[in-house]
Each structure stands twice: as C-alpha cells, then as structure tokens.
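Sequence order for the protein chains is A, B and C.
With our numbering, you'll find the first sequence wraps up at 272, consecutive numbering, no jumps.
With our numbering, you'll find the second sequence wraps up at 297, consecutive numbering, no jumps.
With our numbering, you'll find the third sequence wraps up at 366, consecutive numbering, no jumps.
Do not take every clue at face value.
Pairs of lysine-lysine residues, derived as DSSO-like cross-links and limited to a Cα-Cα distance of at most 30 Å, are as follows [unchecked claim]:
1. A/Lys89 / C/Lys203
2. A/Lys228 / A/Lys259
3. A/Lys44 / A/Lys146
4. C/Lys203 / A/Lys141
5. A/Lys146 / C/Lys203
6. A/Lys141 / A/Lys22
7. A/Lys22 / A/Lys44
8. A/Lys123 / A/Lys259
9. C/Lys203 / A/Lys123
10. A/Lys89 / B/Lys176
11. A/Lys228 / A/Lys146
12. A/Lys123 / A/Lys22
13. A/Lys89 / A/Lys259
14. A/Lys123 / A/Lys146
15. A/Lys89 / A/Lys44
Think of the hints as simulated: they come from the structure by calculation, not from any bench.
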Amino acid sequence: MKAAHLSTHPDYNPAAPVLQLKNVTMRFGGVTAIDGLNLTVPPKKIVGLIGPNGAGKTTVFNVITGFYTPTEGEVIFEEAPVVGVSPQKICALGIARTFQNIRLFAQGTVLDNVMVGCHVRRKCQWWMAPLCLPGFFREEKAIREKSMDLLNRLGLAHLARENAASLPYGAQRRLEIARALATDPTFLLLDEPAAGMNPQESGELMRFIEEIRDEFDLTILMIEHDMKVVMGVCSHIWVLEYGRLIAEGGPEGIRSNPKVITAYLGQEAVGK
Amino acid sequence: MTWELFVQNLFNALTVGSLYALIAIGYTMVYGILRFINFAHGDVFMVGAYFIFFGVTAAHLPWPVAALVAIGGASGLGILVDRIAYRPLREAPRISALISAIGISFLLENLGLVVFTGLPRPAVQPQWMVDPITLGSIRILPLSFIVPVVTAILVLALLWIVYKTRPGLAMRSISKDIETTRLMGVSVDRIIALTFGLGSALAAAAGIMWAMRYPQIHPFMGVIPGFKAFIAAVVGGIGSIQGAVLGGLLLGTVEIMVVAFYPTLSGYRDAFAFVLLIVILLFKPTGLMGEKLEDKI
Amino acid sequence: MSAQAVKNTPMVQNHSLRNGLSTIVAIGLLFGGLWLAEQHFDGYQTQLLNLVAINAILAVSLNFIYGFSGMFSLGHAGFMAIGAYVSALCILTPGQKEMLWLLEPIWGPLAELSTPFFFSVLMGGLAAAFCSFFIALPVMRLGGDYLGIATLGFAEIIRVLFTNIAPLTNGAIGLRGIPAYANAWWNYTWLIITLFIILSILKSNFGNVLKSIRDDEIAARTMGINTTAYRTMAFCVGGFFAGVGGALMGSLVTTIEPKMFNFQLTFNILLIVVAGGLGSVTGSMVGAAVITLMLEWLRIVEAPMNFGFVIIPGIPGMRMVIFSMLLVLIIIFRRQGLMGTREFSWNAFYNSIGFKDRESFERSES
Chain A
1 MKAAHLSTHP
11 DYNPAAPVLQ
21 LKNVTMRFGG
31 VTAIDGLNLT
41 VPPKKIVGLI
51 GPNGAGKTTV
61 FNVITGFYTP
71 TEGEVIFEEA
81 PVVGVSPQKI
91 CALGIARTFQ
101 NIRLFAQGTV
111 LDNVMVGCHV
121 RRKCQWWMAP
131 LCLPGFFREE
141 KAIREKSMDL
151 LNRLGLAHLA
161 RENAASLPYG
171 AQRRLEIARA
181 LATDPTFLLL
191 DEPAAGMNPQ
201 ESGELMRFIE
211 EIRDEFDLTI
221 LMIEHDMKVV
231 MGVCSHIWVL
241 EYGRLIAEGG
251 PEGIRSNPKV
261 ITAYLGQEAV
271 GK
Chain B
1 MTWELFVQNL
11 FNALTVGSLY
21 ALIAIGYTMV
31 YGILRFINFA
41 HGDVFMVGAY
51 FIFFGVTAAH
61 LPWPVAALVA
71 IGGASGLGIL
81 VDRIAYRPLR
91 EAPRISALIS
101 AIGISFLLEN
111 LGLVVFTGLP
121 RPAVQPQWMV
131 DPITLGSIRI
141 LPLSFIVPVV
151 TAILVLALLW
161 IVYKTRPGLA
171 MRSISKDIET
181 TRLMGVSVDR
191 IIALTFGLGS
201 ALAAAAGIMW
211 AMRYPQIHPF
221 MGVIPGFKAF
231 IAAVVGGIGS
241 IQGAVLGGLL
251 LGTVEIMVVA
261 FYPTLSGYRD
271 AFAFVLLIVI
281 LLFKPTGLMG
291 EKLEDKI
Chain C
1 MSAQAVKNTP
11 MVQNHSLRNG
21 LSTIVAIGLL
31 FGGLWLAEQH
41 FDGYQTQLLN
51 LVAINAILAV
61 SLNFIYGFSG
71 MFSLGHAGFM
81 AIGAYVSALC
91 ILTPGQKEML
101 WLLEPIWGPL
111 AELSTPFFFS
121 VLMGGLAAAF
131 CSFFIALPVM
141 RLGGDYLGIA
151 TLGFAEIIRV
161 LFTNIAPLTN
171 GAIGLRGIPA
181 YANAWWNYTW
191 LIITLFIILS
201 ILKSNFGNVL
211 KSIRDDEIAA
221 RTMGINTTAY
231 RTMAFCVGGF
241 FAGVGGALMG
251 SLVTTIEPKM
261 FNFQLTFNIL
271 LIVVAGGLGS
281 VTGSMVGAAV
291 ITLMLEWLRI
301 VEAPMNFGFV
311 IIPGIPGMRM
321 VIFSMLLVLI
331 IIFRRQGLMG
341 TREFSWNAFY
351 NSIGFKDRES
361 FERSES
C-alpha cells in the first residue's frame, strides 16, 4: 500500500526540492513566532533546524504539518502549495512527523500504535467491517503484517503486544518513528529525536536515522539540540533565533559561524 | 403589548436574570480555577432554600438569622462536596471529576427527597414583599426591586473580594496557572475551598430569594435553574464573573420577554436556554466576555 | 517478510474456526436459555430479563461513543426518545392512534402508518442516527465537558419539542397501549446484532483509529486520520443503537411520555458504562446485568415492608441515593470500573481452562 505520490507522475523532477518555505511569517496576536523564513529542502537529504529554545522551531513544524496557517508566506511541498490544507491531508500527501513531547496512543499496544499509522493508506470503509467482506479482511491482514514488519525493522517486534506507555523512553521514541513510517511518507519531520539520550544512544540514533533514510527512501528534516547528532548526520542546517533565520549552511560553516555561537552561548563566547 | 405589561415583564426579567446571575457566578468561579463544571451547584441552591424554610418553620429562627444560617450551611455544604468528591480527583482526567459531580448532584437531589420528602414546601413570603405597589398604572412587586438590588450588592461585594483582597488575588492567580501558584506558597486547597464557599453562599442567597418569588420548595427545584445558570455562565464567558452576571441577565430577559411577546411559545420556554447555549457554542464558544484557552501542540 | 522477521513475530495461533463455532454454540445456549425462561419465569423475572438486554444495548452504544471514541455525550436519553416515538408511531394501529391523540389530531401521513416490528425498531434507530448526525455537526469540535453539556442541551431540547408538538407525539400526555412486541427473542436478537456490528468495527483497525482519536486527537490527525469524520461516525452509530434501545424499551413498557426521557435515564446508562468499564464491551454487558438487577432489587428499599405486626414505610429516592453514591465511589476509587479495558475473548477463555496455545505451552514447560 505505498502512497502514489508525485514521484510516479511523468513530469516528476527528481532534483526538485521536497519542501520550500517562502517568506513564511507566523504571528500570534502580538508575538511573531516566525519572521520571513525562507527554506528549501533538497530531496533525499537529512537536514537540520536548530536554534535556542523559543526560536520557533516546533512552530515551523506545526506550520508545515498544517496545524497553523501562516500569517504570510507560502509552503510548497513537492511543487504543490499546501497552506490551508488540513493536517490529515498533509499526511496523506506524504509528510509524517514525530513530536517533541512523545505523543503515543497511551492506552494502545505497540502494535496498535503502528497500525493506526497504516490507516491513512486504506481503501476500505468502516461500514465494510460488519459486512465481513473478504477484501476487508485481506486489508486488515495486510495492515497487521506491514505493521509487524516495521516493528521488526525498528527492533521493536518483541514488544508488539506491550502497552505503549510502559516502554522505556528510547523505545517510545523509536515507536513514534515506526508509527510515522507506517504512513508511507516521503518526507519525515523529527522533533528532537535525541532528547534525553546519552552519548551512546545518540550515536546509535545517528546511524539509525541514516539507515531509515536509505531504507525508506526519505527526506528527513530534524529539530535537534544535540550538536553531535546534528553535525554528524545533517548535510545542511538552518539556524533560527527569535523566529528569524540567522544562518544556514553545511555543518562546518555553522559550527564556526559567530552569529550562531552568539545565539547559543552569548556574546563572550565568540572570542574563544 | 401594553406599556404596563412591558414594564412588569421587564422587572420580572430583571428578577429572574439576577437570580440566574447569582447562581452562574458559582459555576464560573469554579470553572475558572479548576476548569471543571460543578454539576452539583444547582443543588446547593436547593439546599439553601430548604435550610431557610426549616430555619423559620422548624427552628423558629427570626428570618434574618435563618437566612444567615442557610447561607452558611449551604456554603459549608459546597466546601464539603469539594473536599470529598472533587479533591481526590484533582489529578484525574477532568471527565472523572465531572462524572463525580453528576453523581453528587443526583445524590443531593435524592437525599433531599429522602430527608425532606417530595412534598413541595411553601416558602415563607413576608407579606409586604409580595403586595404589589402601584406606580401609576403599573403594578410591581417590591420583591422585583429587592432582588436586583441585593444581587448587585452581593456581586459588588464579591468583586471587591476577588480584586481587592489577597485571597481574591490567589483565586485569580490559580485560574491563570495553578502549579505556579502552588509553588508560590499559596495553599491552593484552601483557596479552592474559599471559592466553593463563596459560590455556594451566593447560590444559597439566590435560593432564598427564588423561594420568595416562586414559593414552592422541592428537592428537584435546582435542576432546571441550575442548568440555565450554567448556560448563562457559558454565554457570558466562562471564567468571568462579569460575564456570568451579563449572561444571567441576558438569559432572564430572553426567557421572559420572548414569552411576553409570543405567549404561544410559553411551552418552549425551557428550551430557549439550551438553544442559546448551542448558538453560543457554535459562534462564540468563549462567550461574550470570555478569553480563549489555547492548547499547546 | 524475511524468514528472520517471521521467526520474531509473536503470532498467536489462528483459532478463528474454534472461536467462530464457540460463538455459535454460545448463541444457541442463549436462545435455549430464553426458551427455558419463557417456560418457567414469571412476569416480573421476564421483565428483568428484557430490561437487561435493552440496558445492555444502551450501555454498549454509549460506551462506543464515550469509552472507545472519547466523546462524553450526555444526550443518550434524547436519542432513546426519538427511537421510542418513531417506533411507536410505526407499530400503533390506526385505530389506536385515533383514540390516543387527544390534544390535537395526529399529523395526516402518520395516521395510517404501520410497519412490522423489525422495521419499526430499525426506523427508530435510523431516525436517531439521522438526528445524531445533525447534532454532531455543531458539537463535534467541542471538547470534554462542553460536549457533555451541549449533548445534554440537545436531549433537553428534544424533550421539550416532544412535549409541545402534539400532532406528532401527543404532547405531554404521551402514548399508551403500545403493542408489546418486544419480547426476549426480539430484545436479545437486537442485542446480538448490536454486539456484532459494534464489535466488528472495534476489533478492526477502525477500532484502533477510534481509540487513537480518544487518546490523542492531535497525534491522530498528524497520522492522517480525519478525526471529525470518525467522531461523527461513532456518534451516529452510537445514536443508532440508542434509538434501537429506546424503540425496544417503548414496546416493552408500552407507555411512553416525554418526561421519562430525562437526564436520570442517561445517568443510569452512564452508571452502567462506568461501573462496567469504559472501553470494555464485556464490561458494559456485565454492568447492565448487575445494575439492572440491583435497580430492581433495591426497589424493596423504596416500597413499604409489611411484617405483619409492623410496617416499615418505604423510602422513595433511596435507590438513587445508593446509586449516586456508587457512581461517586467508583469514579474516585476505581475509575476503570469492573473490567477496565479488558474484553472477554475466546482465546483467553480457552487458555484459562486448559487449552493453552502451543507457544504459551512451550513457555510454561521451560
């Protein structure tokens, strides 16, 4: 049940950017959370969005996924404008996301959580359930198998029937990613995937992110505070401060950029 | 619709509206600090009416003393209900507290049935209050002046407490951020108890005055006025005392005046409040004076 | 899937044939039991038996809306009223209608209306589902307590409407002499239909989807689920069965009036759902049986007790005092009710009586 998305279209340009933010501004009453942001995400790359707390990074995610409608500007996904599109349709178009504060379906099992992710690609309707149509049962079986397969590839298969809320923290993060992958995305947004991890775990996470990018043929945009992870996997990084883009570029450039250092560590750190 | 009839109905509306406002304040204050609908509030109103009835007839207390006893008793009841049925659920999902409140509401009503029996009690109406006075060709009950005036005094007193005293400051603070208020050293449970106490006192006052206007006291008398007062609070803007007053007056006016102009609709009177509720929830869910409460994604 | 993947998958052995046959046998036993009851139960016991089935339908439908889909709807009595009245209008004979409509004559097209019982109950359910849809449109975006109040408001509006629109409902007088077609056979058949439809939805991935909307609506939307559409669906399906329950109840008690579809009726169903377990269909059924029997048994407390030499007067209202206390105690001390979210399953049943799965058998060996 792979999504039929733009890449199957005859005019598809594989080099076209996956996501473009053009002059996006997000204002809440008197507060400007994002100010004139321009961003272009190239296909199949892992890219990063960093900045001090409160810089507006999660707000950017909420704009991309359709929970906020930007006050100004355009959001273009695979050459189609998506401002004003509902979050569920944006998922159907191929954008999946994880959350900064893990949002699993706490009363379900691990398997249940992933199966929910498969729902967006279903063909059958709810009323076909009581009619006991064979096509319906086939689809249900396919969903279960696909979900188990995903759990396997993410190393969670042995926990399939555990309650999602009872999992250790790292496993919960992986489960959220498994669930997002179940929606067959082409573009994956990860919100602080390394939060709360020790250096060994974050090292594994880096390999893990590169693996899933290759295995699932994804473009990945992540918000992260752990600089080792960001510098380690991202090919391009955007830096936000107070809603404004203050720098962008490859890891080396960002690491030594004085504006970035000032934003994170304050004026005095620049001299070091 | 003659001029006289209009003025009489207007005073009626003012009276009923004031009573709705008094009850609505209790709902709105509790919702403001706890984000929860105290279903049992309307029954505190009922208890207040019963207390003064028994205070006067059984305990033979002079009316003002009985009134104070009734208000104090109802206040105590409100605090007790919070203590035993709502406080254990502070950390639980909100719906649990709501279900508990529904349970307490039924409990109070049926306890009333058991203890007081379903026989409607005639409230004591001091004669001078219900002898209509005549202004020109208009006949108005003195009660129709007294209720709005007493309501205004009580509301002003409450607003003074909320805006000019430290417990009031604590109440406002809790409604903004309960955790931080707790961290500031405020005994949140005591302030919550105070909120319930004040709201219940006002409801009891409303019960006393209601019983004088509609002198049948029975265990289920709080049900419909309670719903309507809650609707008034929502219409005015839940969490806002001024909103509750506005909502109460508005609802009272709509109820009385619509039936005054279209007497054939009198059978539908009880539905007006619910229709008003649906309309407000559809078009301005925060109410006429309310604030938006955002969800963080 | 690779061989490795298959080996790692904790697949449960497929027992669908065994389970399917077990269900058929169970239904057979149920009807056998009903036949025996018909022979041996007196009127009172039969009434209880019927009430249990109807309350079970009502509880399962409310649980579907609230326990599984997370919508705190307090409007159940309103949908029951719609079901009861629509069904009554379909099964009352034209002769009865002419006699009953005292305030104003019945509205023309309804006078001659008459359908077989199955269709009248079906119409009751559909009418309730139809109204649920229109009520859902405005209230769906409300959360938690506001949804409760709004649905309660609609139930009250329905009650007031039914009290006033005499040509349709005979107003406050109500309808009496409704043909008593709702015997145990019909009631339990409808219960089985209800369980079949609701369980088939809940056990499929759609059930997962509903529960995910309940647990975290924002995450559900992010995963591509049209939460508004599904909540509306749950509300309407639940409303349908509330209408069915109302229709059956109308035919069981043979007298209906708008006053009886009040908030207390909804409260009783809510009590059953909470006591049985929010999110457990089994819990709702067990709860329906227990609470219905208790409700009737506690009537003793309300009726005077005649001991010959002394008569202890009954205490009206004591039943509800006990039940309200029960609800408060359950919600404070055991919010998950009797069953929590656990369900009866044939697999668990057979495992417990000794027919263990091969997998668990191996595990217990080592």
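Hint by hint, here is what the structure shows:
no.	hint	verdict
1	A/Lys89 / C/Lys203	holds, 25 Å
2	A/Lys228 / A/Lys259	holds, 19 Å
3	A/Lys44 / A/Lys146	holds, 23 Å
4	C/Lys203 / A/Lys141	holds, 12 Å
5	A/Lys146 / C/Lys203	holds, 18 Å
6	A/Lys141 / A/Lys22	violated, 42 Å
7	A/Lys22 / A/Lys44	holds, 20 Å
8	A/Lys123 / A/Lys259	violated, 50 Å
9	C/Lys203 / A/Lys123	holds, 18 Å
10	A/Lys89 / B/Lys176	violated, 35 Å
11	A/Lys228 / A/Lys146	violated, 33 Å
12	A/Lys123 / A/Lys22	violated, 34 Å
13	A/Lys89 / A/Lys259	violated, 38 Å
14	A/Lys123 / A/Lys146	holds, 15 Å
15	A/Lys89 / A/Lys44	holds, 22 Å
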